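**Student:** Protein chains in written order, with the working numbering: chain A, 1 to 335; chain B, 1001 to 1288; chain C, 2001 to 2282.
Worth double-checking, as some hints may not be accurate.
Under the rule of at most 30 Å between Cα atoms (straight-line distance), these lysine-lysine pairs were calculated in the BS3-like manner [to be verified]:
#1 C:K2089 x C:K2047
#2 C:K2089 x C:K2254
#3 C:K2149 x C:K2169
#4 C:K2169 x C:K2216
#5 A:K322 x C:K2123
#6 A:K322 x A:K237
#7 B:K1061 x B:K1139
#8 C:K2225 x C:K2263
#9 C:K2123 x C:K2089
#10 A:K34 x C:K2093
#11 A:K237 x B:K1015
#12 A:K68 x B:K1139
#13 C:K2047 x C:K2216
#14 C:K2169 x C:K2263
#15 C:K2089 x A:K34
#16 C:K2089 x B:K1194
#17 B:K1194 x C:K2149
#18 B:K1139 x A:K237
#19 C:K2093 x C:K2169
#20 C:K2169 x C:K2089
#21 C:K2038 x C:K2254
#22 B:K1194 x C:K2123
#23 C:K2047 x C:K2093
#24 C:K2174 x C:K2149
#25 B:K1015 x A:K238
#26 C:K2038 x C:K2216
#27 C:K2089 x C:K2149
#28 A:K238 x B:K1139
#29 C:K2093 x C:K2149
#30 C:K2254 x B:K1194
#31 C:K2123 x C:K2225
#32 A:K34 x B:K1061
#33 C:K2169 x B:K1194
Just so you know, these hints were derived from the structure itself, not from any lab. Predicted model, so just to flag it, every value in this text is computed and none were measured.
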Amino acid sequence: MEIAIPPAPKTFGAPNDPRSVARAMAPPSRFGDKAFEWLTLAMALAVLLLIILTGWQLWRGSSLAIQKFGFHFLTTSTWDPVAEQFGALPFIYGTLVSSLIALFIAVPLSIATAVYLTELAPLWLRQPIVSLIEMLAAIPSVILGLWGIFVMIPWLRDYPFPLLKRLFGWTPFFSGPIYGTSMLAGGIIIAIMILPIITSVSREILRSVPDLQREAAYALGATRWEVTRVAVLSYAKKGLFGSVILGLGRALGETMAVTMVIGNTPQIAASLFKPGYTLASVIANEFTEATTDLYLEALFEIGLVLFGVTILVNLIAQLLLKTMTTTTSATRAVQ
Amino acid sequence: MTMKLSRADNHRWRKVKNALASVTTFVSAALVIAPLGLVFFHLLVNGASSVNWDFFTHLPKPVGEPGGGMVNAIIGSLELLALASVIGIPIGVLGGVYLAEYGTARVNWVLRFVADVLNGVPSITWGVVVYGLVVLRFKGFSAYAGGLALGLIMIPLILRTTEEVILLVPNGYREAALALGVARWKTIVHIVMKTASRGIITGILLALARIGGETAPLLFTAFGNRFWNHNLGEPIAALPLQIFTYAISPYDDWHRQAWAGALVLVTGIFCVNVMVRILTRGRTASVV
Amino acid sequence: MVNLLMANPDPTVVERAEKPTEPLSTAETAPRLTFEVKNLSLWYGEKRAISDVTLDIASNAVTAIIGPSGCGKSTFIRCLNRMHELVPKTRIKGSVLLQGEDLYSSAVDPAIVRRRVGMVFQKSNPFPTMSIGENVVIGLRLNGVRNQKFLNERLETSLRMAALWDEVKDDLHKPGTSLSGGQQQRLCIARALAVQPEVLLMDEPCSALDPIATAKIEELIYELKTQYTIVTVTHNMQQAGRISDYTAFFYLGKLIEFGPTTKIFTNPSERQTEDYITGRFG
């Protein structure tokens, strides 16, 4: 090799550094590093800005209404735009009831499916089912609502609802006339929307249970189901509860599909066949119709309530989840 | 009087329970997937025949008149996605870079937590916020407002996916580049982000698919438009919005078109998801 | 900071075959020193990783750093190009002089240090998104060199120096990861050499390679030492005996003994050195 040895340069980066390459390279600047760090920091702080901005905007937009109604806003059940009397209770009720119905239907199904996918299903079947569930998650709310109006509601009205009425009509929950659009329909459609998220997060939770737990149970001669019940499910309890709360958070905020099937009537009724109204739905339906300032502010306040509630629920869910799995897997499942 | 089960009986009962559990959970899985099949079936049955040339080339007809199409809604959606990307992609990606490469454990934990919580906020909230920020101030619905609302949804979404993939880049590459005397920021941009580029793009595509189907934030920002939008400061049509408006209307012809629109929208979203699947094929946890 | 600013020269002027202004050191005269390390100590947080190391690295020679796992070898060579600063909460005390200049003075930019003191790692890591050719010149490119002719010349030179040119000259566009393990490591050596450092630090470069690839790299090290100063960490004592001129034995963060390789391996002064060499612990 004919490369000659360069003599040692006298000082660091000296201009007379005879090494050809050193002279060809540009001097490094420390400015670039600092600038880039500040830039990316500013972008990352955007999330803080976002949450503060949202809270502030909602608060500011509802200040009149808060002044006028105070805490009674949350406990009054009159929603009368004409008389300018606004109470959020029917919507709080509707949101809670429809979400609870959804959880009641979705949680057992989701967790059972997650168990199937992680513990009991044959290996070749797992990925296809997971992909199908991801596809279900990708369906936009408005399309499910469309299907809800024209397919689900007529079917519910003709078959399951009359059956339920026949079986349980003696209870207040299934009494009264059947319209189709109802609190129950709202709950069912929310259930369909939250099935994927509870399933995938539960699946991540179950997958993160160390194999050691399972092996220990197998070594004692347990059957597959017993291993699942004893070693996996009890270990994963907290995480599974977190996934349920996450599903609840999602259910509380469901807007389009619910609006299209729940009937949009602000009333508090025991019968699940009666139409209802949720916090998100009333905003969706009436925001552009709000004729007076107070009306608009009342809707802003509903938005504030919804924001506050979902933040709280999501906070609890994230705390529960973070103690069980690594951050990456749980949040990847969320998306 | 308790009867002691013989060992054989007990074992058989446990096997039965085992089988029952398998069957029950399988049925649950089938029930979870069922709505997917049903929705698709009805989309095809009700919508396929209406997805025709007219649909893609004509504007909506006046109220009550049959016929027409949704071309302005399709283009409008694309425009809104572009506007949203202008905000969502730079902030999300660069923010994700910060969380992965810089910062302290405590600060980053807080920012991550806030991002995760934001990801669970109902999308209609963003519509309300942007209404207050933009629509009221500039006294009108606009494509800008709609794009902003969608962009705000994108930020925490892309931030987390970007952060995840950058964390997956093995440290050896960073060390090798720094050992060559390359500046830190150049290492991050030209080596780390380049290595993670597939994952970053995947995250962006998934975010776009997600907000492409969003309706609620657009209800009182973009608002919808029966005609072409010629100025981004004016209301603009969007496909999910149009579907919603038509679906809740009393006109049968509009219902037919709503199904067609829904089929087109779902197909678009699924194409993006398939693209993502192709991009990530065979690369489960690594970015290499 | 004046000495950090270099006038941006015309990179088309490529200095070739420069005559050295100082005579090469011969075996009879005292060896020129590349590094002078005095009382170097390093802490990771509260834990002291290196204690009071004083050591001189001779120019145009191979110095091997040996010792059992966890003795501070890798940490030590990372102090020679300031790579330890990538780990948060490290603290250093003592001095390291490179060709008589203080490596750790506040006027010095670590990036320039790393251009002069190159490094090859235990696990070969060619950048996965780049071809072989791109890998070699990436250090130059990212440090501002644009002239394509210059880059091509450095590309061929570096690959020749790494004894890889003949094997890959027709495949420069192929991905860096398409090479075998040994070839990848030589690619990493070429990449490090492309920025024309004065020193090449090697952190167990052969530990992940098979014997044939290892032999090739050892041969390469032997040839490179005429042009560069080489410091290599190795857990393989036989390798140290084969290729190095000087050997330093570290144990639990302290430098136990340092001297010409022949002396260390045949007649060590310290009892601990002898115990390690003869395999009584390790």
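**Student:** State for each hint whether it applies.
**Tutor:** Hint by hint, here is what the structure shows:
Taking the CA atoms of C:K2089 and C:K2047, the gap is about 10 Å. The hint holds against a cut of 30 Å. Our distance criterion of 30 Å between C-alpha atoms is met by C:K2089 and C:K2254, whose separation comes to about 21 Å. Among the hinted pairs, C:K2149 with C:K2169 is consistent with the structure: their alpha-carbon atoms are about 16 Å apart, no more than 30 Å. Taking the CA atoms of C:K2169 and C:K2216, the gap is about 18 Å. The hint holds against a cut of 30 Å.
A threshold of 30 Å between alpha carbons decides the hint, and for A:K322 with C:K2123 the separation of about 33 Å lies outside it, so the pair is violated. Between A:K322 and A:K237 the alpha-carbon distance is near 13 Å, which keeps this suggested pair within the 30 Å criterion. For the hint pairing B:K1061 with B:K1139, the CA-to-CA distance comes to about 27 Å; that is within 30 Å, so the pair holds. In summary, the hint linking C:K2225 to C:K2263 is supported, as the alpha carbons are separated by about 20 Å, within the 30 Å threshold.
For the suggested pair C:K2123 and C:K2089, the alpha carbons sit about 25 Å apart, so the restraint of at most 30 Å is met. Distance hint between A:K34 and C:K2093 is fulfilled; the C-alpha atoms sit about 26 Å from each other, no more than 30 Å. For the hint pairing A:K237 with B:K1015, the CA-to-CA distance comes to about 25 Å; that is within 30 Å, so the pair holds. Simply put, A:K68 and B:K1139 have alpha-carbon atoms about 26 Å apart, close enough for the 30 Å limit, and the pair holds.
For a cut-off of 30 Å, the pair hint linking C:K2047 to C:K2216 is broken: about 38 Å separates their Cα positions. Taking the CA atoms of C:K2169 and C:K2263, the gap is about 42 Å. The hint is violated against a cut of 30 Å. Between C:K2089 and A:K34 the alpha-carbon distance is near 19 Å, which keeps this suggested pair within the 30 Å criterion. Using a Cα cut-off of 30 Å, the hinted pair C:K2089 and B:K1194 holds, with the two alpha carbons roughly 28 Å apart.
Between B:K1194 and C:K2149, the direct Cα distance comes to roughly 25 Å. Compliance with the 30 Å bound is thereby established for this hinted pair. With a CA separation close to 51 Å, the supplied pair B:K1139 and A:K237 exceeds the 30 Å bound. At roughly 46 Å between alpha-carbon atoms, C:K2093 and C:K2169 are farther apart than 30 Å, so this suggested pair is violated. Between C:K2169 and C:K2089 the alpha-carbon distance is near 44 Å, which puts this suggested pair outside the 30 Å criterion.
Taking the CA atoms of C:K2038 and C:K2254, the gap is about 13 Å. The hint holds against a cut of 30 Å. At roughly 20 Å between alpha-carbon atoms, B:K1194 and C:K2123 fall within 30 Å of each other, so this suggested pair holds. The straight-line distance between the Cα atoms of C:K2047 and C:K2093 is roughly 14 Å, inside the 30 Å bound, and the hint therefore holds. Pair hint C:K2174 plus C:K2149 holds up; C-alpha atoms about 20 Å apart against a cutoff of 30 Å.
For the hint pairing B:K1015 with A:K238, the CA-to-CA distance comes to about 28 Å; that is within 30 Å, so the pair holds. For a cut-off of 30 Å, the pair hint linking C:K2038 to C:K2216 is broken: about 34 Å separates their Cα positions. Only pairs whose Cα atoms come within 30 Å are accepted, and C:K2089 paired with C:K2149 is rejected, the gap being roughly 43 Å. In summary, the hint linking A:K238 to B:K1139 is not supported, as the alpha carbons are separated by about 48 Å, beyond the 30 Å threshold.
For the given pair, C:K2093 sits about 44 Å from C:K2149 by alpha-carbon distance, which is inconsistent with the 30 Å threshold. Restraint check for C:K2254 and B:K1194: not satisfied, since their Cα atoms lie roughly 40 Å apart, outside the 30 Å limit. Restraint check: the Cα-Cα separation between C:K2123 and C:K2225 comes to about 22 Å, which is no more than 30 Å; the hinted pair holds. Note on A:K34 and B:K1061: the hinted pairing is violated, with a Cα-Cα distance of about 57 Å set against a maximum of 30 Å.
Distance check on the hinted pair: C:K2169 and B:K1194 sit about 25 Å apart at the alpha-carbon level, within 30 Å; holds.
The structure fails to meet hints 5, 13, 14, 18, 19, 20, 26, 27, 28, 29, 30, 32 from the earlier list, while all remaining hints are met.
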